[in-house]
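Novice: This is what each chain is made of:
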Amino acid sequence: GDSVTQMEGPVTLSEEAFLTINCTYTATGYPSLFWYVQYPGEGLQLLLKATKADDKGSNKGFEATYRKETTSFHLEKGSVQVSDSAVYFCALRGALTGGGNKLTFGTGTQLKVEL
Amino acid sequence: NAGVTQTPKFQVLKTGQSMTLQCAQDMNHNSMYWYRQDPGMGLRLIYYSASEGTTDKGEVPNGYNVSRLNKREFSLRLESAAPSQTSVYFCASSVSHEQYFGPGTRLTVT
Numbered sequence: 001g002d003s004v005t006q007m008e009g010p011v012t013l014s015e016e017a018f019l020t021i022n023c024t025y026t027a028t029g030y031p032s033l034f035w036y037v038q039y040p041g042e043g044l045q046l047l048l049k050a051t052k053a054d055d056k057g058s059n060k061g062f063e064a065t066y067r068k069e070t071t072s073f074h075l076e077k078g079s080v081q082v083s084d085s086a087v088y089f090c091a092l093r094g095a096l097t098g099g100g101n102k103l104t105f106g107t108g109t110q111l112k113v114e115l
Numbered sequence: 001n002a003g004v005t006q007t008p009k010f011q012v013l014k015t016g017q018s019m020t021l022q023c024a025q026d027m028n029h030n031s032m033y034w035y036r037q038d039p040g041m042g043l044r045l046i047y048y049s050a051s052e053g054t055t056d057k058g059e060v061p062n063g064y065n066v067s068r069l070n071k072r073e074f075s076l077r078l079e080s081a082a083p084s085q086t087s088v089y090f091c092a093s094s095v096s097h098e099q100y101f102g103p104g105t106r107l108t109v110t
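Going down the list, the sequences are from chains A and B. Per the working numbering, the first sequence starts with residue 1, numbered consecutively. Per the working numbering, the second sequence starts with residue 1, numbered consecutively.
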């Protein structure tokens with residue numbers, strides 16, 4: 001079945017540092033890929049998405065490129081801020097999920113940004 | 001625009017008690033979902049409803065039941081709570097690829 005593997009956290013960075021959170025996936029066909037973010041005490045919210053190979057999703061300074069050859073969708077940001085501290089989830093919607101738009105999530109990576 | 005709302009926010013149950021978690025969305029979405037979130041496990045799908053009148057099992061359905069009351073509401077019931085059901089529960093709804101999440105219910109079973 002479909003699966004998502006992402007790097008374990010917590011990841012601790014200083015403000016303005018470069019961020020990479022690795023995500024790889026296993027799926028049949030051509031899935032759609034997502035990054036969700038969960039701020040403390042809140043539900044998840046969509047950060048960015050890519051629906052086909054070589055697409056780049058971007059939002060709020062974060063970027064991720066859908067790489068089919070390496071089955072990866074790594075999240076990057078050039079300069080993190082304290083306000084980016086949150087848990088980040090990589091997810092996929094498989095090509096064969098049928099009805100319901102079900103998502104498969106990774107285990108989440110906690111990011112802590114310090115001054 | 002409230003989005004996805006969940007009640008209650010917190011709940012403590014004793015083993016064997018029952019309860020229903022409520023979820024409602026005001027975005028006219030067809031699909032709704034219930035997840036549980038546990039440390040180191042990410043989010044795991046319990047049940048989902050692709051459209052009003054249909055429900056299907058997800059990855060971890062045992063010990064739970066659901067009801068899609070109408071297009072807006074999707075409830076999750078624990079008939080006989082167990083300590084293994086201690087978790088944070090999230091409801092979500094979706095249109096196309098994007099899912100919108102509620103704020104969660106933190107449930108503790110003692």
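Check the hints yourself; a few may be wrong.
[Claimed, not checked] Covered stretches of chain A (chain B as the covering partner; in silico rule of three or more C-beta atoms under 8 Å from a C-beta of chain B):
1. 70-80
2. 101-113
[Stated by the list, open to error] Pairwise CB distance ranges (calculated):
3. B:Phe10 / A:Gln81: 42 to 52 Å
4. A:Lys112 / B:Phe10: 39 to 49 Å
5. B:His97 / A:Gly1: 15 to 25 Å
6. B:Met41 / A:Lys52: 27 to 37 Å
7. A:Pro40 / B:Met41: 15 to 25 Å
The set of hints was computed from the structure by calculation and includes no laboratory data. Where is the CB? At the ideal position from N, CA and C, for every residue including glycine.
Novice: Confirm or reject each hint.
Specialist: To see whether the hints hold, each was checked on the structure:
1. 70-80: It is violated, with 0 qualifying residues against the three required.
2. 101-113: That given contact holds, which follows from 7 residues of the stretch 101-113 of chain A lying within Cβ reach (below 8 Å) of chain B.
3. B:Phe10 / A:Gln81: 42 to 52 Å: For phenylalanine 10 of chain B and glutamine 81 of chain A the Cβ distance comes to about 30 Å; the hint is violated.
4. A:Lys112 / B:Phe10: 39 to 49 Å: violated, 25 Å
5. B:His97 / A:Gly1: 15 to 25 Å: Cβ of histidine 97 of chain B to Cβ of glycine 1 of chain A: about 19 Å, so the range 15 to 25 Å holds.
6. B:Met41 / A:Lys52: 27 to 37 Å: Given range 27 to 37 Å: holds, Cβ gap about 29 Å.
7. A:Pro40 / B:Met41: 15 to 25 Å: holds, 18 Å
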